[in-house]
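So the sequences go chain by chain: Z and W.
So in my numbering, the last spot in the first sequence is 531, and the numbers never skip.
So in my numbering, the last spot in the second sequence is 328, and the numbers never skip.
These aren't lab readings, by the way, just hints derived from the structure by calculation.
Beta carbons: idealized from backbone N, C-alpha and C, even for Gly.
Don't take every hint at face value.
Heads up, incomplete: computed chain Z residues facing chain W, CB under 10 angstroms, no partners named [stated by the list, open to error]:
1) PHE278
2) SER357
3) ILE417
4) LYS451
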Amino acid sequence: MKKFITIVKAFWQRALTYRLTVLAYRIGEIGETLVLILMWSAIYDGQKVIGGLTLQEMITYILIGNFFNAIIRNFLSSVVARDIKDGRLSMFLVKPMSYFNYILSQEIGRISLATMMSVLSSALVIVFFIDTFIWSFDIAYFLVIIAMVILAFITELLLSYLIGLIAFWTDEVDGIYATIDRIKKFFSGGYFPINILPLMFVQISFALPFSYSFFVPAQLYLKKLDLSVGLKGLLIQIVWIAILYGIIKVVWNRGLKRYEGVGI
Amino acid sequence: MADIEVKNLSRTYEYYRKQQGLLGSLKSLFYREKLFAEAVKNISFSIESGELIGFLGPNGAGKTTTLKMLSGILHPTGGQVKVLGHIPTEREKKYQKQFALVMGHKNQLIQDLPAIETFIVNKEIYEISDKEFEENLNELVELFGIKDILDIQVRKLSLGQRMKCELVAALLHKPKVLFLDEPTIGLDVVAQKNIRDFIKKYNREKKTTIILTSHYMEDIKELCERVIIINLGKIIYDGKLDDLIKKYATHKLLKVVFNGNGVQQEEVERFGEIDEFNPYICTIKTKRNEAKNTAIALLSSNLPVDDIIIDEIDVDDVIRQIFNS
Chain Z
268 MKKFITIVKA FWQRALTYRL TVLAYRIGEI GETLVLILMW SAIYDGQKVI
318 GGLTLQEMIT YILIGNFFNA IIRNFLSSVV ARDIKDGRLS MFLVKPMSYF
368 NYILSQEIGR ISLATMMSVL SSALVIVFFI DTFIWSFDIA YFLVIIAMVI
418 LAFITELLLS YLIGLIAFWT DEVDGIYATI DRIKKFFSGG YFPINILPLM
468 FVQISFALPF SYSFFVPAQL YLKKLDLSVG LKGLLIQIVW IAILYGIIKV
518 VWNRGLKRYE GVGI
Chain W
4 MADIEVKNLS RTYEYYRKQQ GLLGSLKSLF YREKLFAEAV KNISFSIESG
54 ELIGFLGPNG AGKTTTLKML SGILHPTGGQ VKVLGHIPTE REKKYQKQFA
104 LVMGHKNQLI QDLPAIETFI VNKEIYEISD KEFEENLNEL VELFGIKDIL
154 DIQVRKLSLG QRMKCELVAA LLHKPKVLFL DEPTIGLDVV AQKNIRDFIK
204 KYNREKKTTI ILTSHYMEDI KELCERVIII NLGKIIYDGK LDDLIKKYAT
254 HKLLKVVFNG NGVQQEEVER FGEIDEFNPY ICTIKTKRNE AKNTAIALLS
304 SNLPVDDIII DEIDVDDVIR QIFNS
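Could you build the full structure based on these sequences and the hints that come with them?
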């Protein structure tokens with residue numbers, strides 16, 4: 268645990284060194300949220316309800332969803348891929364700590380400042396739309412949402428790590444990452460609420476882990492989904508975490524063999 | 004028991020040939036010519052505790068590959084390695100806490116933070132106690148004289164300063180075995196000397212077993228009593244550096260200084276092969292066992308000899324000769 272905290276602290280400091288970069292990213296994020304709100308306001312022109320949401324609900328959906336998303340995402344895959352490509356992984360392999368534990372601690376340290384700033388800037392946008400934003404608080408929903416966001420954070424971390432590991436075979440993962448990122452955003456409901464599409468899409472997205480980082484917690488917040496759907500979601504997330512962890516183990520072992528050149 | 008035991012170690016790499024140009028790239032999508040390179044071929048050696056060994060060889064000789072196998076990064080394709088009684092590729096924590104690897108062109112320091120932060124991270128990773136950490140750090144910092152750069156971002160440091168910090172980071176856990184892969188690469192002469200002096204002192208005081216690879220003969224000459232020369236994946240010499248010269252340097256150099264009007268080249272040619280000539284200083288190459296007699300003959304001749312120095316052929320030349328042959 269002390270190892271973890273020390274590494275997190277070190278990379279916290281690194282983030283503080285690059286505070287301007289951290290800040291600059293936030294401007295883009297706020298911009299994106301505003302564009303989405305603008306777009307939906309134009310689409311709603313005259314219409315009362317789309318996808319079961321009023322304009323006010325839709326704006327709340329975008330704001331709260333982006334708020335969750337700010338907590339959940341990470342940028343681990345490029346870090347892992349670079350370590351593998353440049354051979355820096357060697358420096359970790361000789362140390363008495365697993366790369367998985369090290370790099371996860373590092374990423375949590377690296378992004379925690381950015382995450383806090385994101386949360387802050389998302390909160391600021393919410394304040395800006397204070398008149399439109401729907402406030403809703405229910406302790407049961409609240410707890411489920413918190414659990415869901417934490418699990419979504421872990422899922423994302425594992426997924427990014429897994430994508431990074433592909434570098435054992437391809438050296439570069441930017442293309443794969445970009446594609447998966449878009450698929451993820453689509454199924455998560457980050458572009459638009461997934462339920463405006465045919466039911467099949469909703470069913471697929473509920474089976475995948477992505478909707479639990481945006482659509483489901485946002486809909487739960489709006490109480491458009493039943494609490495039971497939330498609880499079932501938590502279960503699906505746990506299953507996904509187990510699956511991802513298993514795949515990571517296999518991919519890591521095979522990739523490492525390639526890196527070490529076993530069986531050549 | 005020896006610290007490092009290497010028996011019949013081999014390592015083959017797989018690689019591909021790609022034909023030139025875009026068409027070649029397209030072809031390689033469907034068919035690639037698979038080739039094998041034997042980086043290390045059936046080498047054996049053993050190193051006793053406290054030894055400082057120089058690992059010599061041209062680029063691509065297999066030095067780094069061997070070090071990687073000793074540190075457990077690479078799996079051998081054949082043979083066995085044992086370091087401190089452990090098989091490196093098993094990556095036991097117990098073994099990892101007892102050795103360190105420093106590579107001249109790879110870094111472990113966190114580039115965007117001062118070196119001290121990496122030291123603190125390493126302290127936790129290697130589970131070094133507060134007291135031990137403080138003692139080791141102070142000692143190393145003192146030895147290198149780097150107290151005033153510990154709080155400067157690593158990327159702002161000079162290459163020499165960075166290398167010193169890399170070494171500190173690698174030595175905090177007091178490794179028993181240390182692999183140094185070209186630690187002086189790219190450094191200026193002063194920084195090279197600093198690192199060299201440090202390695203020498205550290206080996207003497209801590210009795211750490213060290214394998215050093217370097218392209219700079221100065222490093223080897225000054226630090227290593229024993230050298231292992233490797234070329235094309237094979238060991239071609241393993242023994243004392245002094246013996247190497249005796250074995251391979253069949254000649255000695257006589258440096259003769261003349262006074263007065265100097266001499267003509269024809270006048271000295273009968274004493275041996277002329278290596279360098281000007282009327283006042285002349286270097287004559289003679290067989291080892293004839294060096295003394297040649298010197299006497301020179302002194303008793305009527306040439307205006309002022310001074311004679313009998314010298315070994317430079318070790319650089321010896322090694323160049325070995326690699327070329």
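Verification of the supplied hints:
For Z:PHE278, the interface hint holds, since its Cβ comes within 10 angstroms of a Cβ in chain W; the closest pair sits about 8 angstroms apart. Hint on Z:SER357 holds. Least Cβ distance to chain W is approximately 5 angstroms, under the 10 angstroms limit. For Z:ILE417, the shortest C-beta to C-beta distance to chain W is roughly 25 angstroms, which exceeds 10 angstroms, and the interface hint is violated. Because the smallest distance between the Cβ of Z:LYS451 and any Cβ of chain W comes to about 28 angstroms, over 10 angstroms, the interface hint for this residue is violated.
The structure is inconsistent with the numbered hints 3, 4, although it conforms to all the rest.
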